[in-house]
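With the sequences and hints as input, model every part of the structure.
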Amino acid sequence: MLSEFAAEQWMTRYETLAKVNMTETSCDALRLEELEALEPGLFSELVLDYGPITGSEELKRQILAMYETGGPENITTAAGCVNASQHVMDELIEPEDSVMVFTPGYQQFAGYAASLGAQVTELQLDPANWQADLDALEEAAEHRGLDLLILNLPGNPTGTILTEEQLQRVIRIAETHDAWILCDEVYRGIGTVMPSVSDRYEKGIATGSLSKALACPGIRIGWVKGPGALIDRLNIRRDYTFIGAGPLNDRMAAAVLRHREAVLARNNAIVKQNTAALRAWLQDNPSYSCVIPEAGSVALLRLPEGVDDEDFALQLMEKAGLFFVPGRFFGAPGTLRLGLGRPPEVFMKGLTLLAGFAWGS
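Residue numbers (the UniProt record's numbering): 1 to 361.
Hints are computed from structural coordinates only; laboratory data are not their basis. Computed from a prediction, not measured in an experiment: that's the story for all the values here. All C-beta atoms in this analysis are idealised placements derived from N, C-alpha and C, irrespective of residue type, glycine included. Treat the hints with caution; some may be incorrect.
Said to hold, decoys possible - Restraint-style ranges between C-beta atoms, simulated for each label pair: (1) Arg31 to Gln124: 37 to 45 Å; (2) Thr176 to Pro40: 51 to 59 Å; (3) Pro127 to Thr163: 44 to 52 Å; (4) Ile243 to Gly41: 35 to 43 Å; (5) Gln124 to Thr352: 18 to 26 Å; (6) Pro286 to Val193: 30 to 38 Å; (7) Gly71 to Met1: 12 to 20 Å; (8) Ala276 to Leu353: 13 to 21 Å; (9) Glu96 to Ile53: 17 to 25 Å; (10) Val193 to Asp126: 19 to 27 Å; (11) Glu96 to Glu310: 27 to 35 Å; (12) Gly218 to Arg13: 18 to 26 Å.
What the hints assert, rightly or not - Within a straight-line C-alpha distance of at most 27 Å, the following computed DSSO-like cross-link-like pairs (lysine-lysine) qualify: (13) Lys349 to Lys272; (14) Lys349 to Lys19; (15) Lys349 to Lys319; (16) Lys319 to Lys19; (17) Lys272 to Lys19.
Below, the structure written as structure tokens:
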């Protein structure tokens, strides 16, 4: 049985009521007129039929341009990254399979895998730097076996990434157990860009979308990049659940990806500016702390000692209209999830409001 997706339920309940949203992890969303300015006539002669079911050739070509290997047969589309990862888990996980994830992390990975009957092991990231303990991963895999390792790089909500050396070690651990690696790479492109697991491992699968680094969460297209035989099976499965994204989403997605260098430059500049503001704010507010991530558009803001994150987030929302998701929903109590891709003026306003808000006020 699926458990309640705590972070998503919290966002559904409060997000539209917020005056200042400081927890959204997408980079400042593009406006439709910005996209049209990049490609005048984008929507001309667009026929609103089903379109190519697994994604147009142009869309797949643009997706593949972000990777080092693969062809169109290695790509299929989905309704966002969360749906792409769901399809992969539905296909790969059998009851009693050993699935491993790192925590703090996005609840989908552990929660959905458990609902499929997997034996899920959650491995703790080091709170001092949110780095993965690969010795613990290797030991757990030796003790419990390993069928599927689920990664999120850069991580939500920690910004965790792996070095090339660390990634190679993870792959060796997976190879030892003939295990799959599924990596949600939706934040890839902001900050330090690490290689895709799908380019380094024959049983490596990458999922992604336009939602985070590419600032278009309203274009509901995600994708899976993986071995051709797996993609064939996913295409059978998606006929039951998704059919296709439709030509409007497909055309917009391909356009964003054609201009991804400009979009990513814009978004990296936003995150860089907000990160600098956060560093300065932390110096002025030493009761808070944060591991500043090298990549991605999200971080965990650690609260003053003794502050309950859920109660504090609720007070901030109700009394100041300042919206955060409590860190406990990701496995990090005592923290708030902080989006680094917000419009800089919004980000500064939120930090100013937070600095003036006393716990229990």
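Now the hints, each set against the structure:
Against the hinted window of 37 to 45 Å, the Cβ-Cβ separation of Arg31 and Gln124 comes to about 40 Å, which satisfies the hint. Take Thr176 and Pro40: their Cβ atoms lie about 53 Å apart, and the range 51 to 59 Å holds. Take Pro127 and Thr163: their Cβ atoms lie about 19 Å apart, and the range 44 to 52 Å is violated. Take Ile243 and Gly41: their Cβ atoms lie about 27 Å apart, and the range 35 to 43 Å is violated.
Between Gln124 and Thr352 the beta carbons are some 34 Å apart, a value that contradicts the proposed interval 18 to 26 Å. Checked against the hint of 30 to 38 Å, the C-beta distance between Pro286 and Val193 comes to roughly 32 Å, which is consistent with it. A beta carbon spacing of about 39 Å between Gly71 and Met1 contradicts the range 12 to 20 Å that was offered as a hint. Between Ala276 and Leu353 the beta carbons are some 19 Å apart, a value that agrees with the proposed interval 13 to 21 Å.
The supplied range of 17 to 25 Å is broken by Glu96 and Ile53, whose beta-carbon atoms lie about 34 Å from each other. Judged by the Cβ atoms, the range 19 to 27 Å given for Val193 and Asp126 holds: they are separated by roughly 22 Å. The hint said 27 to 35 Å for the Cβ distance between Glu96 and Glu310, and at roughly 33 Å that hint holds. Taking the beta carbon of each, Gly218 and Arg13 are about 20 Å apart, inside 18 to 26 Å as hinted.
Distance restraint check for Lys349 and Lys272: the Cα-Cα separation of roughly 17 Å lies within the 27 Å cut-off, and the hinted pair is therefore satisfied. Of the pairs offered as hints, the one joining Lys349 and Lys19 holds, with about 10 Å between alpha carbons and a cut-off of 27 Å not exceeded. Annotation: proposed proximity of Lys349 to Lys319 holds, straight-line Cα distance about 15 Å (limit 27 Å). Straight-line distance between C-alpha atoms of Lys319 and Lys19 comes to about 11 Å, which keeps the hinted pair within the 27 Å bound.
Of the supplied pair hints, the one linking Lys272 and Lys19 holds, its CA atoms being roughly 23 Å apart against a limit of 27 Å.
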